[in-house]
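Protein chains: 6
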Amino acid sequence: MLSTLIELQRLKRLDRTGWTLRGLANGTESVAAHSFGVSVTAMLLADRCTAAGVTVDLEKLLRIALLHDWAETRVGDMPRTATLYFGSDARKQAETAAFADIVNPVDANGSYANLYDDYERRKSLEARLVKAADVLDLLIQALALERAGARGLDEFWEVAEKPGFNLEGAAEQVVLELLQSILKARSELQPNV
Amino acid sequence: MLSTLIELQRLKRLDRTGWTLRGLANGTESVAAHSFGVSVTAMLLADRCTAAGVTVDLEKLLRIALLHDWAETRVGDMPRTATLYFGSDARKQAETAAFADIVNPVDANGSYANLYDDYERRKSLEARLVKAADVLDLLIQALALERAGARGLDEFWEVAEKPGFNLEGAAEQVVLELLQSILKARSELQPNV
Amino acid sequence: MLSTLIELQRLKRLDRTGWTLRGLANGTESVAAHSFGVSVTAMLLADRCTAAGVTVDLEKLLRIALLHDWAETRVGDMPRTATLYFGSDARKQAETAAFADIVNPVDANGSYANLYDDYERRKSLEARLVKAADVLDLLIQALALERAGARGLDEFWEVAEKPGFNLEGAAEQVVLELLQSILKARSELQPNV
Amino acid sequence: MLSTLIELQRLKRLDRTGWTLRGLANGTESVAAHSFGVSVTAMLLADRCTAAGVTVDLEKLLRIALLHDWAETRVGDMPRTATLYFGSDARKQAETAAFADIVNPVDANGSYANLYDDYERRKSLEARLVKAADVLDLLIQALALERAGARGLDEFWEVAEKPGFNLEGAAEQVVLELLQSILKARSELQPNV
Amino acid sequence: MLSTLIELQRLKRLDRTGWTLRGLANGTESVAAHSFGVSVTAMLLADRCTAAGVTVDLEKLLRIALLHDWAETRVGDMPRTATLYFGSDARKQAETAAFADIVNPVDANGSYANLYDDYERRKSLEARLVKAADVLDLLIQALALERAGARGLDEFWEVAEKPGFNLEGAAEQVVLELLQSILKARSELQPNV
Amino acid sequence: MLSTLIELQRLKRLDRTGWTLRGLANGTESVAAHSFGVSVTAMLLADRCTAAGVTVDLEKLLRIALLHDWAETRVGDMPRTATLYFGSDARKQAETAAFADIVNPVDANGSYANLYDDYERRKSLEARLVKAADVLDLLIQALALERAGARGLDEFWEVAEKPGFNLEGAAEQVVLELLQSILKARSELQPNV
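These protein sequence lines map, in sequence, to chains A, B, C, D, E and F. If you're matching positions, the first sequence starts at 179 in my numbering and goes up one per residue. If you're matching positions, the second sequence starts at 179 in my numbering and goes up one per residue. If you're matching positions, the third sequence starts at 179 in my numbering and goes up one per residue. If you're matching positions, the fourth sequence starts at 179 in my numbering and goes up one per residue. If you're matching positions, the fifth sequence starts at 179 in my numbering and goes up one per residue. If you're matching positions, the sixth sequence starts at 179 in my numbering and goes up one per residue.
Keep in mind that a hint or two might mislead.
Any copy, or any two copies together, can satisfy a pair, since identical chains are not distinguished.
[To be verified] In silico lysine to aspartate or glutamate, DMTMM-like type, Cα no more than 25 Å apart, as pairs:
| hint | residue 1 | residue 2 |
| --- | --- | --- |
| 1 | Lys238 | Asp296 |
| 2 | Lys301 | Glu366 |
| 3 | Lys362 | Glu237 |
| 4 | Lys238 | Asp285 |
Calculated directly from the structure, the hints in this document are not laboratory data.
Let the sequences and hints guide you as you build the complete structure.
Pasting the structure below:
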């Protein structure tokens, strides 16, 4: 178990390349910090879904949120453009193989691998909620950076136009509501004095 | 919900003061990254407990792990010595009040507050496992830093001598086993060439 | 003496949490760098007071300015909100106790402790001038950061509305004059091109 | 031309992931800084080759050294392990396509693309010398970091055992001589006092 | 050769003081990263000059670009104002002497020293093109930083008003064209939302 | 007064180049943080001198300590080697001129300039004590960094062999005592486990 945990420590220092490639300081956000943000966002979204009558398996949701970026210890935090050049199938295959090797010492019954596969294919509602949380945490981070003075992050906001969360009913409504409030908060940002 | 999530973004940048006070670089580990490490460690420990026949509520465990440090957005990451001067009761009260204010917009039924209270009092097995994961993630981070050349971190290792995890049976064994493997890995560190 | 000096080295790396909690980069300002700014600001203010006929004990003023944040090596740089949850009395007691332990090896006659107590109670004119310098250095740092592109720092400027420096006569005038020139410089900041 | 140059600015901030994944601070070495190191090392090696009677096209060599990592603005600095999971052919194809898109606005006659292709296939002596410089600059950086206290970098030194520079005659000798002096300097490092 | 290369590693970490003195984060741009930018800019400019019928010695140009800042390992990255106080002659003499000592182990025939002297006196067309690239890379970096939210960099743009590149004919046109496109891109920057 | 204070803010971010040139992380120590360390060290040394019967003008001492590095806002933190190439006279002249320009708006009667001149010539006991504190703070910082794992800092310790503090009697004894305790603490550092 220790070798897996030591390897995952690496995510605490690995920069999310989206920010540094746009000129923000090194250390703006680590992959581990992002995974934390995704997990928390997923939890709050799911609790609101539950309150709205949607059945969500919270344990499964949180497990997926926590492990969805583990492959980055071996593959790195590939910028969006990298996927264009490698193709998203190749990326999925590489990350799936990397994930399998990372969890190998602790995944006797293959349950982590199954959750990862679920996430990659967005099979379950839980997987789709985590993906939504992944996008929303990115936008909230972008908003927080813009509030602190950053700009030049417009590309990140394009995803908000056609999010493609592939959700329905109350779950979709909960997610879109948060998205709308993020967009509203952004529209209220004032130009620098 | 957005105001809570924006506030929690702050944990992504907040340094764990333990490292910077000992001369390591700013940005060594954020509170958010640590929370991720604790959550992952708790999940792996709990899965092993389950395999050993101990009943663990994984949903509850992961919720506690994710939220146990939220109060730091308002109280900061207080160094260990700060608790000595404030007293641990005052610290708990302050953090509990800060936590309540942070989750107020999303905690209609008080369930987050209850989980936090459980953690602070170490009432449930899940709370105690998260506390163990909190200590173990600290030690694994210290080990990773020492492998990268850091030293002067002996204080952190003192906790390993009398961990006081307050666990029993198979759960205790699972936790102590990980602790032992961390200590063994540390003992195998070679002096710098 | 060495143990005290080694402990104070820690302030050189400890981040002022006010900036990092608002999304600015780690390393924006250390507590030691702030103490330097406060000391220099206090010296310039006091020299202007002297020129205006106010008697200021410069030695006492500079000693207070240099030592007023030493307790942070043990208590950390608590964010403003932390004081709300702990109460300002508890904070003062904790910091006073921490300060006493830090200077213990070098303060045979209690003179450092007396200066710290003077500062905490704002007893002397010198203590009040240092407190004014503490606020003004914060505002000048905020101004410098805003000039470099930061925003989202409005909370810090609220203090400027009701500063409560508790000074009078020429001393008050000197301090308010600097405050006004800071506010004027801020009002002249242009929106980003 | 400006769009290409603006895109290449990104390499100035992009961390070499090899260091951060091993726990060294963000900002340890940027891709741009490494490219500078490779170019300089290649120049010094080539000048020594020339002095030893080997004909080297310096212009070609320096061009290759400067452009060999440009694809990383779009693909990122992939850790060594990433290549294992993607396969080195996929990686070469992706990087070649990214490179072509980056230089498209400035490469009317395809000469940059040809140089990149030469490098990727190690066709010319110049390409092989740049590859050798790429490895040697990595080792010199590792040595400099170890001199500054880093450790845990043993993986990087493994490459030194079977470098496979694919050079011959005087060129090989020049390169191996530098390699030997690096290894000798490393062997002389003392344990920390 | 190794001692020279180890010394030049220092440029990878040395901050360009122009940015940090204006409040941007440490690590914004290293001297090595800037040298990379200058070399690349010089190469693209020279290739366009060649296409326009100007004869440029690319090998010489790239050598000068790569070595023009080596003296900074010993003299540091002196801010512009430093030159005012030392006088530009004293600065040139100091840097020339430092450069000579740095390259001493690898410059048996004095060719590096000659190139440096050429650059310092702007004797050749190649030296003047590198100087132009030095200014243009600075402006492109400033533009990239402003796009990411920085401001307060107006001083750097003043140089653009009277660049004094001391070029003529097609070479001058190529350089001014890039300068114009930089200025145009800057004028299109929008105020922060 | 504001323009001077804004300019001095720059020292809060300006790296001491001694550390970064030796491969330590950016942000290891700012010039402002060092000035704080020198001021505090000078104060403690002077108080001990007073206790030993030596008359020290504390106000003067603290003023000199606070202002002794102000010229660096314009001249930068020149590495030790830079002085070799410029000559120490040229450096003093440049820094003196820079200092005069910085304080010009606040130094109607020339008293800051006089203190700076005193420091540069080491005329008074206070100036010599500040110089001793300047060296001792450097060594204590080096010691703290070595305790945290840094190495390769031997050059800095050479100064300890022939400090040349130019003090006498009890003042010399106080200073040498601190130096000895620093050297003793360093000799007790253990090799990394």
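Each hint tested on the structure:
1. Lys238 - Asp296: Both ways: Lys238 and Asp296 sit 10 Å apart in one copy and 22 Å across, limit 25 Å.
2. Lys301 - Glu366: Result: close neither inside a copy nor across copies, 36 Å intra and 44 Å inter.
3. Lys362 - Glu237: neither (31 Å within a copy, 32 Å between copies)
4. Lys238 - Asp285: both (16 Å within a copy, 21 Å between copies)
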